[in-house]
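**Q** Letter by letter, the chains look like this.
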Amino acid sequence: MSRSSAICLSLALTASVATAEVTFLQVAPLLRKSCIECHSAPKKDPSGKMVNPKGGLRMDAPSHMLKGGSGGPGVEPGDPDKSLIYARILLPPDHEDAMPPKGKGTPLTFPQTELIKQWIIEGGKFGDWKGSDAAATVTPAPATTKTKTLDPLASGLGVPPEDAIKKLMSMGCVVHPVAPDSKLLSVAWVATPGAVGDQEMEFLKPLGANISELDLSDTKITDASVAIIGTFPRVTKLNLSSTAVTDSGIASLKGLVNLDWLSVHSTSVSDASIETLKGLRKLKNVYLWKTHVSSSSAGTLQKALPGSVVSIE
Amino acid sequence: MTLNSADEFSRRQFLLNIAKASLGVTVAPMLGASVATAADFVPIRPRAAKSVIFLMMSGGMSHLDTLDVMGKKDTVLGKTKPLATSVSGISISENLPKTAKQMQHIVLFNGMSTTQGAHEQGQYLMERSYIMRGTIVHPATGSWVVRLGGKRNNNLPGFVAVSTDPNNAAGGFMGAKYSGVPIGEPGEGLQDSMKPGSISQGDFDKRLSLADSLNKQFHTQVNNSAIREHKGLYDDALRLMRCEDLKAFDVKQEPSEVKGLYGPSRFGQGCMLARRLVEHGVRYVQVSLGGWDTHYDNFTAVPARAKDLDDGLAALLQDLHRRGMLQDTLVAVGTEFGRTPEIITEHEDGRDHYPKAFSCLMAGGGLQGGRVHGKKDDKGGNVTDGLTNPQDFNATIAYSLGLPVDQVIISPSGRPFTIADKGKPVVELFS
Amino acid sequence: MTRHLFAMKLRLTCTTLTLFAAATVAHAQLAKKTVDLGNDPAWVKKTALEIDKRVAQGFAKAKVTPIAGADDSKWLRRVYLDSIGRIPSYDEAKAFLDDSAADKREKLITKLLNSEGWVSTTYNWYADILRATSRLGTDGTRSGVPYLRWLRESVATNKPWDKMVYELITTNGGGWEEGKGAVGYFERDRGMPLDNMANTTRIFLGTHIECAQCHDHPYDTWKQKDFYEMSAFTHGLKTGTPKEEQRKYVNEKYNGKTNQDPDKTKRDIYRWLQDNIYDFGVWGDGKGNIMLPTDFKGKGGKPGDTVPAKSIYPGASGSKTRDMKDAREEFAEWVTEPQNPRFTLIMVNRIWKRTMGIGLFEPVDKFVMPSKDNPGTVVNNPDVLKYLEGMLKELNYDVKTFQKVLLNTRTYALGTNRDAVDPRAGYAFHGRAVKRMTAEQVWDSMGTLVVPDIDYRKGGALSPNAVVGGRNLGKSVYEVYKEVINMKPAEISAWVDKIISYGGSKGGGDDMMMMDKSMMASNDAAAANMTDAAKWSAYSKEILRASELSSPTPPQHFLRKFGQSSREVIEGGSSESDVTQVLSLINGHVEKNIVNDSRAVVYKSIDAAATPEDKVKAAFIGILTRNPTPAELELMLPEAKKGREGIKNILYALLNSNEFIFIL
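Chains as they are written, first to last, in my numbering: chain A, 12 to 324; chain B, 3 to 433; chain C, 5 to 668.
It cannot be assumed that every hint is accurate.
Interface residues of chain B toward chain A, partial, derived using beta-carbon atoms under 7 Å [as the list claims (entries may be wrong)]:
#1 Ile92
#2 Glu96
#3 Asn155
#4 Asn157
#5 Asp321
#6 Arg324
#7 Arg325
#8 Gly326
#9 Asp380
#10 Asn384
#11 Gly388
#12 Pro406
#13 Val410
#14 Ile412
#15 Pro414
Cut-off 25 Å, straight-line C-alpha distance, at most; resulting in silico cross-link-like pairs (SDA-like, lysine to any residue) [unchecked claim]:
#16 Lys227(C) <-> Ser93(B)
#17 Lys424(B) <-> Glu107(A)
#18 Lys227(C) <-> Gly82(A)
#19 Lys424(B) <-> Gly82(A)
#20 Lys83(B) <-> Ser93(B)
#21 Lys208(B) <-> Asn631(C)
#22 Lys208(B) <-> Asn600(C)
#23 Lys358(B) <-> Met196(C)
#24 Lys208(B) <-> Val605(C)
If you are wondering where the hints come from, they were derived from the structure by calculation, not from laboratory data. Just so you know, these numbers come straight off a predicted model, no measurement behind them. Glycine included, each C-beta is placed from N, C-alpha and C at the ideal position.
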């Protein structure tokens, strides 16, 4: 741009911007030129070594772009700031995360980045493009080491029903996968727990197989609900503190063999539950403050469960 | 369930969609649901912490008289004496006897170092991870946490700042909706959340219904999402006033045993409030304790401050632990810089600002406690191992919460920022 | 241009006299001309029409039809809020609505622009733009009061914008030296001269170069070197005063390791002397060159190179090898000259936005030229913008007269656009876009309902009263400055001893008598202020115009809750609504300070009304500036018949209606 001149100024004053909706067809050539080389399915390099997509982000299909990589979703429809593909191309060229990196891909100009931004704002629709999604089998994304440890628990498990999750969330319950890509859920009734009782368990049941972490502390649930929780096979962390749970409720948890964390503080649970808890061999953390469990029983439990910490105060 | 009906949910969605549709308007209730909810957020690692309690020691806490006494020469320690802790091989100052008993939960950060030697700049860097500039205001870490991790309880603010200068808890370029909601005195509750005593319930209802009738007429004249949004906020406000979660702010509900545990000081009671808030799903609570600027008479001033810190911190760790909340809650103690190893006799044995080396701590939040990260030389003046700057410290907080430290947020002026600037989380402390 | 002759005068030493004389004459003539134009109804009408014609041409292009004009009530409320920042009181509204004169709108505009309310709200507007605060610097140790007083006085005397900017950039002197308040502009950013330059460029020229502070700009053309070339103009400027010996002495006395004063009160006084006298101000000129920093990584230079000053748009430059004595003047002259491609453009758009609600382009502080990398800023109506530029130049940067013309346009008087308007999507100005009141408008409008003649009620936020070591000296800090600035250390010590023994009246004392007359728009107003002080004594000290409170107010104040700028960044205010605002509307301020205050002036007209019908009407006119509809009258009558408790319900409902807080 030439430095200020009257001519330039008058140009500025008459410039205008077309307002037609941006289609993926307009955006695709930019992505092809500037991004796709490093952001596509894992492939072998000339030496035979597997090369994974950079940052875990693939841009060769709508599903991959929506899912994104380690830094967040590639495309968050309607929100360019949350969309990795926009946020990164906006960085100054000398920024270490700037895309495309120096020497790779064609740098994008301002109108091009604006085009991409507009496309995302307008919903980031892909039109007819399917990319590699069209292939018969979709290569599963490589599992990260963190989620791998949970994989055995999730094996054979289906995707949790979306409508059941939405329903719970509308009631003030926090529901999210325990980690990216996991089918296991963390469920916590955080808002207005005092309004939650046994009748709300109906809404948890459809997710029972997927629930790994469950926090129902401060709710009005009773042993009737705890019995239902006892049928959720993948529960690893359970918080029943400040509820009406009793020893008979605890007895119904004997099938939760994956449980490694349990809090029942501020309940009427007593020494009678110790035998049940001893049978839950994976238990590592047990919280018994303000229960009727004696300190000697707590000590017995800690001894019976190798490597565990049983806290009574 | 009467308050959070499905209809309520769809109304919110409706508002959100309207706001998205008209680009000029952002939906911005501070306490409402439009700040991203936790539902949108998936932690990058399992069993990530859910909340942070950040205890800010403003004024510059003397590391040599609190957290870093191990292997230090008597000449730099002055009157301060070491005290063994619950973890063998680790000692801290005798000014923190109760904290010493909680060492099994604590990681000492003895390799802290900052570039800022003045209070405002130092606090700014510690609380926001960026150097203070005249051209932009960076958001506080709590604002980042809510922005990236959403709220867990939509009835309550995501970020609360107790006894903290609200300027130090500002949302900066993210706007007021991400600012920490200020609570001056721990006992005072959320401002204006109760119907004034001068209005009877009948008149209160009457007044709002009259206003509602006026609005109906007004809304036929205009078709504007900002106005509809403003009207919707009245429903949110009334819902909040009726909401049981508001009791999170009411420290009077604590039994006297618990109140006693935290000690009588404003800071101790602030720590207790922080626990209540976190229990009800608040993401980030900052509680500040001032008076650490001990240029004069350091060896009288520090023990007095340390007593409040010791009461509050030790109680907080003990109370969170027995409730099973410590793994889900990261407790951090930060300060803007340390103080000089030299004891200035002309100032009644004072210590001056010392940014080059200082100490902070963290506990809970998935950290393996009973450890020391970083080391200084025997004068306490140089970091010799495990150098940690404020950005690294905040990146570690973000990592504890399972937040993406590399997620870029673009400011309205078009500049890119991340939660902890270029800080690197100390991930090895989490296993 | 007067000011340029002024600048030349500073450079030419020999022929100064004649030039100076010429300059003075020219200034007087120009000033007269401007005032005349503003006072010539024919000129105002003609000029307003020229604007309307150009706006109307835009309707056809945008394929819109103008929305029928606002009725008297709507226009009245709008013009009060846009020109003096608050709603009209019952009496003011009634007087206008009952007036049947054909030119009553023109007359009201003139009256409002010459009122104290205009000074109040214009001062807020500038304080937001300039980031002018009551405490300066990152640690807030220096007082922003003299800077704010300079600003207030500049507004009260309608100082032309170019002259204001020239003073901001070039003033040298003590912070509390009489007439030198503009030094606050640099003291504001003490220790951060580069950030200050980035703000300067953005405020006055609508150009964002702050990215180039650390690296070449990715999309705009600015390079890091451009940034440093600009910064070279002010590089060399020093904050504080040249009184190094005195500064060191008082510093040692309050903070030294060897010679510290043992008396705590004396230490406080020495500290006060440092912060308010010896280490407060701006001196030294810009050198006109600067060394590139060690981490310089842009193109066209390397770390350690010295580069001469060079403006980002052609016009001014310095020298690499020779320090200039007046680089700041050179710079200020270049910034403010009519040929500068941005200076006029940016201000014109700011005043347009302030008056019309939406800028001709947005954001108002960012104007980007089109280039191969950037489509550039879209201007809603380029013809209007061009015309307005010429007009502000013709008016010699008289902001008030400029706004007067805009308020007199038919464009301003159009009806309300019932749909939401996105300022970034382009707008033809075929109707008024609905906006929520700013924080200041909400606060000041509510204050209007409580305190009589609130525009004239003064607080202590701008008081120059000297309170030293807990002693009210009964004089201004300006006077203390004159008294002590040239003292030798021994004299300073004696002065401090004198203060200690003086005792004085203890405590703060926000004595409003200290407000000098220059701060008022007119002497009549000042006189009225003095005599009417008694009528305010019954009202809460907190209920003052926003301009009379600290800048900004504390973070928990009503104003901040409603989005008052922290004044840390340029125009940082917000009109977004949130739940804490609604809580203070339903549980806080409205009930506690208005409805439940039986002395609130809003009750006067209601109590005076004889029938319940008239009481409802009085409430509607006092709060919503209009009569109730038959349905509304019917709705409210049962309450009005209940007596005071019912009236309270009506007031509360009106104040909590959406119509109160949104401007149509």
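**Q** Against this structure, judge whether each hint is valid.
**A** To see whether the hints hold, each was checked on the structure:
1. Ile92: violated, 19 Å
2. Glu96: This hint is violated: Glu96(B) lies away from chain A, its Cβ roughly 25 Å from the closest one there, beyond 7 Å.
3. Asn155: holds, 5 Å
4. Asn157: Holds, because the Cβ-Cβ distance from Asn157(B) to chain A comes to roughly 5 Å (cut-off 7 Å).
5. Asp321: Asp321(B) check fails; min Cβ-Cβ to chain A is 10 Å, beyond 7 Å.
6. Arg324: The hint holds - Arg324(B) has a Cβ within 7 Å of chain A, the shortest such distance being about 4 Å.
7. Arg325: holds, 6 Å
8. Gly326: Hint on Gly326(B): holds, closest Cβ of chain A at ~4 Å, below 7 Å.
9. Asp380: violated, 35 Å
10. Asn384: Violated: closest Cβ of chain A sits about 28 Å from Asn384(B), beyond 7 Å.
11. Gly388: violated, 23 Å
12. Pro406: Status holds, d = 6 Å.
13. Val410: Hint holds; Val410(B) Cβ to chain A Cβ min 4 Å, cut 7 Å.
14. Ile412: Status holds, d = 5 Å.
15. Pro414: Since the shortest Cβ distance to chain A is 10 Å, the answer is violated.
16. Lys227(C) <-> Ser93(B): The given pair, whose Cα atoms are some 53 Å apart, is violated under the 25 Å limit.
17. Lys424(B) <-> Glu107(A): Holds. Lys424(B) to Glu107(A) sits at ~10 Å (cutoff 25 Å).
18. Lys227(C) <-> Gly82(A): Violated, because 30 Å separates the two Cα atoms, which is more than 25 Å.
19. Lys424(B) <-> Gly82(A): holds, 14 Å
20. Lys83(B) <-> Ser93(B): holds, 10 Å
21. Lys208(B) <-> Asn631(C): Satisfied, since the Cα-Cα distance of roughly 21 Å is no more than 25 Å.
22. Lys208(B) <-> Asn600(C): holds, 16 Å
23. Lys358(B) <-> Met196(C): holds, 22 Å
24. Lys208(B) <-> Val605(C): OK: Lys208(B) and Val605(C) at ~24 Å, within 25 Å.
Going through the hint list in order, the structure does not satisfy hints 1, 2, 5, 9, 10, 11, 15, 16, 18.
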